[in-house]
Structure formats: C-alpha cells, structure tokens
Amino acid sequence: MGRPRQAFWGLARSEFLVGWRNPGFRVAAALCAAVAGLSCTAAGTTASVAAYRVSQQASTVIGLVALLWMCHAACRDAWMGADELVMVKPQSTEAILLGRFLGNLGVVLTVMLFSLAAAAVAQVTWGGTPFRLLAYLHAFARALVPLGTLSTLGFALCTLFGTPVAGGVVALYWILVLSGRDFVSRVFNFSLTQNNAIYALLSAGVLTLMLLVYRRDRRGGNRWPRPLVAATALFLSGGLLVAVLFVYSRHDPPLHRRDGILAIASQHLEPGRRIPGFWLPGGKVPLTGLYPFDGRVLAVGLWAPSVPESLGVLEVLRQIDAEFGSQGATAIAICVSEDTAIARHVARENGYRFLMLHDPGARQTYPPSAGSPVAEAYDAADLPKLVVADRERTVQLVETGIGPDASQAPDTVRQLLSTATAAAVPPQGNPGSP
Amino acid sequence: MRPGASPHPGATERPSDPEGKPENVEVTIDHLTKVYEGRITALNDVSLRIGTGVFGLLGPNGSGKTTLMRIIATLLEPTAGSVRVNGFDVRRQKAQVRRILGYMPQDFGLYPSLTAYEVLDYMALLCDLTEPTARKEAIERALAETNLTHLRDRRVGTFSGGMRQRLGIAQALLHSPQLLIVDEPTVGLDPEERIRMRSLLAELGQDRIIILSTHIVADVEAVADQLGVLYQGRVRFQGPPDALLRQLHEKVWLVDVSREELGRLRDRYLETGVFRSASGMQVRVIAEEMDHPHARPVEPNLEDASIWLMKGTQNG
Numbered sequence: 000m001g002r003p004r005q006a007f008w009g010l011a012r013s014e015f016l017v018g019w020r021n022p023g024f025r026v027a028a029a030l031c032a033a034v035a036g037l038s039c040t041a042a043g044t045t046a047s048v049a050a051y052r053v054s055q056q057a058s059t060v061i062g063l064v065a066l067l068w069m070c071h072a073a074c075r076d077a078w079m080g081a082d083e084l085v086m087v088k089p090q091s092t093e094a095i096l097l098g099r100f101l102g103n104l105g106v107v108l109t110v111m112l113f114s115l116a117a118a119a120v121a122q123v124t125w126g127g128t129p130f131r132l133l134a135y136l137h138a139f140a141r142a143l144v145p146l147g148t149l150s151t152l153g154f155a156l157c158t159l160f161g162t163p164v165a166g167g168v169v170a171l172y173w174i175l176v177l178s179g180r181d182f183v184s185r186v187f188n189f190s191l192t193q194n195n196a197i198y199a200l201l202s203a204g205v206l207t208l209m210l211l212v213y214r215r216d217r218r219g220g221n222r223w224p225r226p227l228v229a230a231t232a233l234f235l236s237g238g239l240l241v242a243v244l245f246v247y248s249r250h251d252p253p254l255h256r257r258d259g260i261l262a263i264a265s266q267h268l269e270p271g272r273r274i275p276g277f278w279l280p281g282g283k284v285p286l287t288g289l290y291p292f293d294g295r296v297l298a299v300g301l302w303a304p305s306v307p308e309s310l311g312v313l314e315v316l317r318q319i320d321a322e323f324g325s326q327g328a329t330a331i332a333i334c335v336s337e338d339t340a341i342a343r344h345v346a347r348e349n350g351y352r353f354l355m356l357h358d359p360g361a362r363q364t365y366p367p368s369a370g371s372p373v374a375e376a377y378d379a380a381d382l383p384k385l386v387v388a389d390r391e392r393t394v395q396l397v398e399t400g401i402g403p404d405a406s407q408a409p410d411t412v413r414q415l416l417s418t419a420t421a422a423a424v425p426p427q428g429n430p431g432s433p
Numbered sequence: 000m001r002p003g004a005s006p007h008p009g010a011t012e013r014p015s016d017p018e019g020k021p022e023n024v025e026v027t028i029d030h031l032t033k034v035y036e037g038r039i040t041a042l043n044d045v046s047l048r049i050g051t052g053v054f055g056l057l058g059p060n061g062s063g064k065t066t067l068m069r070i071i072a073t074l075l076e077p078t079a080g081s082v083r084v085n086g087f088d089v090r091r092q093k094a095q096v097r098r099i100l101g102y103m104p105q106d107f108g109l110y111p112s113l114t115a116y117e118v119l120d121y122m123a124l125l126c127d128l129t130e131p132t133a134r135k136e137a138i139e140r141a142l143a144e145t146n147l148t149h150l151r152d153r154r155v156g157t158f159s160g161g162m163r164q165r166l167g168i169a170q171a172l173l174h175s176p177q178l179l180i181v182d183e184p185t186v187g188l189d190p191e192e193r194i195r196m197r198s199l200l201a202e203l204g205q206d207r208i209i210i211l212s213t214h215i216v217a218d219v220e221a222v223a224d225q226l227g228v229l230y231q232g233r234v235r236f237q238g239p240p241d242a243l244l245r246q247l248h249e250k251v252w253l254v255d256v257s258r259e260e261l262g263r264l265r266d267r268y269l270e271t272g273v274f275r276s277a278s279g280m281q282v283r284v285i286a287e288e289m290d291h292p293h294a295r296p297v298e299p300n301l302e303d304a305s306i307w308l309m310k311g312t313q314n315g
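Heads up: the protein sequence lines correspond to chains A and B, in order. Anchor point for the first sequence: position 318 equals 317 in numbering that gives the first Met the number 0, and the numbering is continuous, going up by one each time. Anchor point for the second sequence: position 163 equals 162 in numbering that gives the first Met the number 0, and the numbering is continuous, going up by one each time.
By construction, these hints were calculated from the structure, which means they are not laboratory data. Don't be surprised by glycine CBs; every beta carbon is placed ideally from N, CA and C. A portion of the hints provided could be inaccurate.
[Unchecked claim] Calculated Cβ distances over 12 Å to all of chain B for the following chain A residues:
#1 LEU37
#2 PHE139
#3 PRO163
#4 LEU177
#5 ASN195
#6 VAL212
#7 GLY238
#8 LEU239
#9 ALA242
#10 GLN266
#11 LEU268
#12 GLY350
#13 THR393
#14 SER417
#15 VAL424
[To be verified] Listed below are several chain B residues computed to face chain A (Cβ distance under 8 Å; list not exhaustive):
#16 ARG98
#17 TYR102
#18 LEU109
#19 TYR110
#20 LEU113
#21 TYR121
Just chain B, same shape as in the assembly (with noise of 0.2 Å):
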C-alpha cells in the first residue's frame, strides 16, 4: 500500500497531494506503556499528538526516549497503549508503516569496507527501490540532502563521526519518507558538526515529521517546532518551547556569589547551571522570588525549563 492510500478499514484517510504524499502527517501516541522484563516500566502512560515539523523529545538518559523511538520505528512492541502513524498502527501494520518511516538510530554501524554511494543503493534496495534509475536518483538525492556527494566513493569506514552521522540521515531520507525519526544525532560530534547537523535537520523538518530525540537541550533549543519532554517514563510537557519558556518567565535569575555562599544557595533553590565569574561565581536558580542582593532576573531558556521539569516539579 503507498503512503497516502487508506491504510485499512476504519482508518483516517488522509487527503494527497498531486504527488500522492499526505498534506498532514501525525503521529498519535496514546496511552503508551512499555514494561521490560523485571517490571522495569520504561514507558508509563505517555500520550503525544505529533505533526509536520521538527518534534523535540527531551529528556535524561533512562528517561524512555529510545523506548519510545524504538516503538515507533516497529523494533519494539509495546505492553499497552496505540501508536499510529498517518493512521498505520504500529503493532499491526507494519510494513505499512516502514513505508513511510526513516529511522537512525542512536548507535549503528554500516558497513565499513563499502562507499558512501554502496551503502546507501545497499539501503535503497532494502527500501524497495529496485529500478535502478529511480534508485540512483533516490541516492544521488540524498547525498545531495546530507552534502555528502563529494564523498559518495569514499569507504565509510574512512568516515569521520559526523560524515557518518550524515550518511545515517541519508539512508533513513532513500525513499522520502514522511516520518523520521533521528535519535541522539549529535552525541559524539564537534560543535561544527553538531551545527551543521542541526541545519540539516531544520531543513528537512519542512514537509515532514521529524522527532528528534536527544538529551542535548541546545538541539532541541536550535531546531524543534514542537516539544515533549520525558522523565521517569512519563510526559512532563508537550507543547512549544515558548509555552514551556514563559512559565518560568520572572523566576529564573543570575546570582553573584562567592564560593563558601554556592552551597547555601544551592540548598535553597535550584540550580540550572554555574559560570566562573571576574569577581568570583555566577549561578543560574529558579526561583517564585529571590532576596539575594546580588540577584537579577534573566530570561529563562529551555535548559532552565528542562531542569525545572525533571527536577522542580519532582520536588514540588
């Protein structure tokens, strides 16, 4: 079945453009629960409605993300619970669902005795893309997408960390699916590359859906439309960062202290970061109100907010 035709009875069907691509793509995730053997709960109750755009998913190491990536990208049942993309249910449409996805994962290999250009037409055979000038052009494509054309006869083997973090964006773009779904793209690599693949991801976020999973908050902060943030296997927040950054509005501040007052004040508020300082230390706090002299308001950003969610509402 091709994206955009009715996925099976009683399904939404969604309506195409000239090209056969649907207009809006969802995923719709519904009271997801995912309990690994030793009722270790990696997912508890997690509902998300997620469209076209770049989809932020935040949240601490352990926190059920690449669960929730996993499950999504069919390599993982859930124990309870729907999801459904473009209306393909994940547990019983399957091969419907793995036409319309790209997934790369946190950690993967390829095959390192090949070129840039052998693994991808590898990976768009495993796409079904078997016509051979549709294949090349569905390669040439994405190379071009990842910049890496200059690089199509290089051994990836050869490849440094971002070049092959780019190359795992441009398998999961062969068959142009609507949903991709990139986690942890940036763990390993330089600021440089780090920048250029949130650019990359910025630029395909604009006709697709694009869930990018990370515990970096500056990635998030760079490209998401929209936001979910997971602690503890449960949703703390979904929205847009402007709506998570303005409940914090007025209750983030800078303090200047000195090193013996950093504990105190630890102690009593809590502390989203620590700076070195010409006249000794600056510390980031949230708080309703502060009586510190040396205190100033700051705008709130969504490493504040992240830590305000995960820990803040934990301690009440």
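Chain A extracted, bound-state conformation (with noise of 0.2 Å):
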C-alpha cells in the first residue's frame, strides 16, 4: 500500500505543478479575485459578509471555474497528446486518475483561497471592518463540498466520455437547481452545508465508479476489483440513503413538507398580539422554542446573510443582550437563509452569545416572506426586522429602520426595554406554548 500511496502523492503533486504553470491557471486566479476582492469593496463591509459572498461564488464564478478546469484537466492529455505516453505506463489506474483529480482539486482550491485573500484585502482596506480569520477559515469550509462536487462531477464525467462536452451535463444540472432554487427541493442543492453528507458520499461514489468503468474501458482490467465495486456501492447507495433520509426529515417542499414549519408559517404578527412562536434549531437543544423564555421580554430579531445590511440587528441583539439580559431580555436572532450553518458560523466569527436559531424552511427568496416560513409569520418583506414582545409576549415594537451599521439599539427600543423589563413577571404557564 505505501508504493501505491506515495506514487499518488507525487502525481498529485505534479499535476498541481502542471496546473500552477498553466496560463489559464493564472487567468482564472485572477479572475476569480477580482470578482471576490470587487464584491466586498463597499465600505462597512464586515469579515463574515465578505467570507459569505466569497462562499457564494463559491456555487458561481468559482464553480463555473472549477468545472471548467476539471472538464480541461480529464482531456488535456488526450488534446495534447500525452494520453498514449500515460497509459502505457505500469502505474495503477487508481493512482493515475486519483493523483490527476486531486493535483486539480488542489488548483480549484488555491483560486478558493486567492478569492478569499482578495476579498479580505478589500474588507480590511475598502470595508475598514476588522479581519477575522474565522469567517474566511468557514467560507473555504463551506466551499469545500460545492467546489469538490463540481469538480468530481466534471472530472469523473469528461473523463469517462472523453470529451469536455460531458461537462455541460453538470452544468445544465446546476444552472437548473439554480435558476430553480424556489420551485426544487433544497436536497438537489449541493452547495448547501447541510447537504453535505450526501454529495460527499455521492462524489465519492461517482470517483470510484470513474475508476471502475475507465480502468475496465481504458486500461484493459480483465476483473472487476471487489473493494473497488463495494465502494462504490457504498457510497453511491450512502449517498442517497441519506439523501432520502434528510428529504423525510426536513422541511423541503416540494418533496416533503413538515406540519410543524407550516404551523409557524401560517401565524401572523401584529402589534397588540402575541408574538408568532416557532420551534426551530440552532440552540443548545435540537428545537428552540419560546416556552424556555416565559415571562422574559422578548428581542426577535430577523436578518438574512444575503441581505448584508440585516447584519446590523446582530449588533443590536448583542447590546440588548449585554445590556438587558440580566434584567429579563432575552434577544433572539433568527436567520434567513437556505445553509443551515450560516447562523452558526456568523455567530462563532462575531463572539455573539445571544441564540441565534435558523430557519430550516428558508428558501432564499425576495421577499423572504415569500421563502422563509418564520419571515411570513413575521411579515418580514424585507430584513432586517427587530421585534419586541413584553413579558406576556404581546408584540409591543416592530422596528424595520435597524441601518447596517448599527451598534446600538433604537432610543425607542431602549426605551421600550426599560419599560417592559421593568414590569412586572406574570404568573408561569402561558397556555398554547411554543
């Protein structure tokens, strides 16, 4: 097994040496980030909206690139006419393929992380925002199964057939999950984090199906290699176990739909009433709901990472938070957004201790409230949306004028925080909790 290992190593090796020399390489590169370094030169812009936007083109420019260079990495040596030369040699085909994909996976992720430094040279200089390196560290982790899908796909499918043209099948697919992101189920999306899992299986599946059918087509492989044809298994019916798993336990319409998110969906807010409830992830415990928080005023706050100027409630919640808190506020984020780890990630990169919880039917529509079930309980058309509910959760503040740089909350929410936390504590035991 060490042969074997070191001469993947090595060829994989080489073939990023191949691919760092390549003209185009340097072309893509600089591209890529002039594109990442140009989105995030709008002054105010913080380290995790840059990383957000680089992570999204991540799906766009960056994956167009990689599928690209993928498609020209499986036919550059039959168009140069070095395939011949490469065959005949003794290496194993595994090693072959394996080094080849991973030297050009490693291309794709160096133009990931020249993205990132250009737009963190933009955030520091042009946004005059503070780097965090945190944020950029989660952007390239959550390009990491988008990039590598498109890439295996492209790779895998431009290799069996010989032709680049077999890339275009992965891009019609992912023009199509794009353009169509409203109407299709989230699973289809594979730049999504929570889909991760499954697209990492499946990608796994589709490399070690390349090397099955290529080795017996190409190479002249008289036998079927068992560990070979278990892995494949194995990952491909993995891949899509799981994928039929998360389909029967999420909200993904129109796949499946959860009784639970379309209860949410169909409150309403109102000064005057209570404020809509919701039972949702991203707490300590699996679903977070308002029940945990009786008798406590209530900061719900509505922000979406697509929508860079909604990051500014983040900041309001954190004052509240510090400074309302121990007096019987609690401030609650909630995020907008089709990845689930965003709310997560933006927490940990900011130091935000307040809940931040997430949207798990978000789609990433405008107006949210077309897309997001809590953003239509919420009548949240546009981001971000500060709520205030007093001790008995009666919606006292909907405040929708929170601009991006905020720091501090409104003057009419402080005052409204003091007045309400200042009330008295009703009595346990609201009835029709969450």
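Starting from the two chains in their separate frames, assemble the complex, guided by the hints.
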C-alpha cells in the first residue's frame, strides 16, 4: 500500500505543478480574485459578509471555473497527445486518475484561497472593518463540498466520455438547480452545507465508479476489483440513503412538508397581539421554542446573509443582550437562509452569545417572506426586522429601520425595553406555548 | 511481478542475469489480425519473431505499422491472434507487459510548462519509481542517455523538435525497459537531429529490443539488425536487411536517359529513383534483364528493396 500511496501523492503534486504553471490558472485566479475583491469594497463590509459572498461565489463564478478546469484536466492529455505516454505506463489506474484529480482539485482550491485573500484585502482596506480569520476559514469550509462536487462530476464525466462536453451536463444540472431554487427541493442543491454528507458520499461514489469503468474500458482491466466495487456501492447507496432520510426529516417542499413548519408560517405578526411562536434549530437543544423564555421580554431579530444590511440587527441584539439580558430580556436572532450553517458561523465569527436560531424551511427568495416560514409569520418583506414583545409575549414594537452600521438599539427600542423589563413577571404557564 | 519472473502458468520462464533481467528478450506475434469498425483491416494474419537488437518495421503510411505498435504497447485490442512480450500476453497480462515496455508514439505531447526534469519525474512516478533516490537516478540516467542533461531545467515548451523527440525516448527509458517501441521517431527532424536520433537508437539496441517503426528507409538502413516490411496489413518480408538485398542482387540498374525517354522506361520497369545528371536524367530501375545501352548494374539498397516488395511483388 505504501508504494501506490507514494505515487499517488507524487502524481498529485506534479499535477498541481502542471496546473500552477498553466497561464489559464493565472487568468482564472485573477478573474475570481477580482470578482471576490470587487464584491467586498463597500464601506462597512464585515468579514462575515465578505466571507459569505466569496463562499456563495464558490457555487457560481468559482464553481464555473472549477468545472471548466476539471473538464480541461480530464481531457488535457488527449488534447496534447500525452495520453498514450501515460496509459502505457505500469502505474495503477487508481493512482493516475486520483492523483490527477487531487492535484487539480488543489488548483481549484488555490483559486478559492486567492479569492478569499482578495476579499479579505478589500474588506479591510475599503470596508474598513477588522479582519477575522475565522470568517474566511468558515467560508473555505463551506466551499469545499460545492467545489468538490462540481470538480468531481466534471472530472469524472469528462474522463469517462473523453470530451469536455460531458461537463456541460453538470453545468446544465447546476444551472437548473440555481435558477429553479424557488421550486426545486433543497436536497438537490449541493452548495448547501446541510447537504454536505449527501454530496460528499455521492462524489466519492462517482469517483470510484469512474475508476471502475475507466480501468476496464481504457486500461484493459479484466476484473472488477472487489474493494472498488464495494466502495462504489457503499458511497452511492449511502449518499442516496442519506438524501432520502434528509428529505423525510426536513421541511423540503415540494418533496416533503412538515406540519410544524407550516404551522409557524400560518401565524401573523400584529402589534398588540401575541408574538408568533416557533420551534427552531440552532440552540443548545435540537429545537428551541419560546417556552423556556416565559415571563421574559423578547427581542427577536430576523436577518439573512443574502441581505448584508440586515446584519446590523445582530449588533443591536448583542447590545440588548449585554444591557438588558440581566434585567429579564432575551435576545433571539433568526437567520433566514437556505444554508443552515451560516447562523452558527456568523455567531462564532463575531462572538455573539445570544441565541442564534435559523429557519429550517427558508429559501433564498425575495421578498424573504415568500420563501421563509418564519419570515412569513413575522411578515418580513424586508430585512432586518426587530420585534420586541413584553413579558406577556405581546408584540410591543416592530422596528424595520435598523441600518447596517447600527451598534446600538434605537432609542425607541431602548426605552421600550427599559419599561418592559421593569414590569412585573407574570404568573408562569402561558397556555398555547411555544 | 518483476521482469524475468515466471510470468504466468505455462509461460516460458526465461533465464535471468544477476540483476534479474532476462538475457533473451523476445516478442512473438502469431496470426495477428486487427479489423477496425467499418471492416477496415489494418493487420491481416501478421506473424513475427523479434529478438534483441533494433527491429526496423518498414512500410508506407497506412500499412498497419502504428496499429501493430499500439497492440504491442497494450493500447489496442487485437481482433484475432496473439502477441507475447517475454511470454506475457498483451491482452491478458497488460500490467506485466507495461512493466517491461517503453513506448514513444508517433505524435505525442508533453507538459510544456514543466521542465525536462519535472516531466521525467512525473513519468517516473507513472513507471512506479516511487523511491526518491531511485527515481532521481533513473531520471539522471535517462537524461544522460539521451544527451539532455544540460537541458534538464529548461521548460519543454521551448524545446526544438529533436529535443522533444529525445525527451520522448528518455521518458520511455526511465524504467530500463526490455522492449522499446518507437513510432516514426525521425519525422520532422532536421538532418543533424535525425542522425543523432539514429545513433541513440543504435546504442540503446545493444541490450534490449527496439522496434523502430518508420516509413523512412534510411532510418532502418542505418540502425536495424532485423527488418520487417508491412504492406496493406500483411508482412512482406522478415529477416536481416542483407537477406532482402540479396534478393535484388544484379537486378537494380542505373540508366542514363533523356527526359523524353523517362516515361517510356517507367512504363516498362519498376522505378525506384530519379536523379538529375549532367547529361539529363538518371533512373534507378529494377529489372531481371536490361537491354538499354546506357544502363549499368548497381548495388541494391533498402529503398529499392522496399519499393520492390511493396510495388514489384504486387505487380508480379
């Protein structure tokens, strides 16, 4: 096992070198870095926003570059006439193809790193906000599976069919998922971190399937190697199984709808009436509702990473938590994002200690209320939205004017919180919780 | 399995020298046929025995040389027949054949952004030379053998045609193959590079089989110990070049002719060359007997012989 592994890493290193020296790589890296940098030049762009933007580009611009690059890598030897030189060599098909794949995946990830670096420079220089390494590490981690999936599919299909046109099938699928994300179940979207397990397994399965077929068709393997067959079956069936489990355990229309989420969406926000309740993931327990906060003043802020201005509400919630938390107020942020990891990442990156939940039924739509059950319940046509409810859970204030640079709660909110927290705690046991 | 070890049950086990390399390498081709889609027969019942030394495979374009090379190199499946390299069947024992095979195809590309050393390092890994010291030694040796040591750090994209061809040979030599297949190695080279390539092949052929496929007769004439002539997918001749030349002894003539006579002579005899002379034209022809007053017998060369094999025998 030692020798093939040595060859594999050596080949990956050589492949990376071939890519690194390719003028196409420099063009791709410069293009992606420019797009990333330019998207983060607005004054006040925070590290979290900049990192989020670049991680989104991993599924668009950088994803396209990755797909094109891997299609090129798969067909490169045939184009330049090196394929016969390579194929007559005694090295195993697995080491050749996996080494090539890994080396070129390294090139793609280097493009991603350049993009993140450009975004960081733009964010610090023009955005004027502090650099946070963790935000960029999170963005890189979020980009791994989308880039890996696009790279794997492009490389595998082009290798098997011997033409870069095969990569067009992947591009077509991806365009359909992106353009139809309002209608297509989120399980088909490999850019969402909650689907990482599905697409990591399926990508591994596609890779091993490619090895099997290529080995037999192009290098004259007489047998189907059992470990490879088993790995292929395991990865593909595992990926499909996880996908099915995910669909049936989540609110993912049109494939599956959950009554609990639909019930959240059926509520309405109205000053003077009870604040819409919820059971949402993101807290220390699997689902957090309003029940544990009976008798406390609630400040619920809705935000979305796709609306960078809305991140201002998080600073307001931080201030509320710090100033009024000990007086009986609870700050709760609800992230309206398709990607369920964003809320957690943003909280860590910025050191938010208040409760950060996310809407598991959210889609990336405009207005947010059209695709998010929580946003629908809170009538959030625009974000951010801050709702303050008193100890009786009655909505006392709805604030929509919080700007991106907000660091303090508006005076009206502060005054209301002072009054509400000063009020007596009602008897426990509100009926109809959450 | 290492070269020289017992290749498979029933195969001939070959004696090995102290370094583990077999003393007698052999390629055995039996009744090999290759029919492409569209019923194009590229090879038709080809049988050859090839031993140590340079084997020149001669034939015009489209005669099946490259198809034969690719089958021996495990890149193409034959339709019928068998090829064994040192006892290893190229159909069923591809991995073993690849371990003792070096191949330089007719048209090939190498990664232009890498240096010669880096290209060879990559190719050495493909040859399973994973141990760094052994790989480095193999690369240095291949560079030295092909006289490319001084170019080791130059990017391949800047190489001339001759340098590129020599690098092609170098990559094929990395794992010291017992069988080296070179397909049209001198095409596109200038005279100086061509001579250098021939010398290199002659040197390399001392202790291994080199199958030199070419349509350039002078290449074979310069270096081949044995010769095979392919024409329309069939073997027209196999043996030492001298044996072929002996068949044309006293049958090749050089005739001084006027331009007007040239056409008439072409109609009557098999022409193998035309040259301009001070008095007009000189024509090389093949004929059993010659009654032209300005004709004189000359020594046959392989050019005459190959044309005779390909056209003469066809015309009876």
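**OP:** Please flag the earlier hints that this structure goes against, numbers listed from lowest up.
**Re:** none
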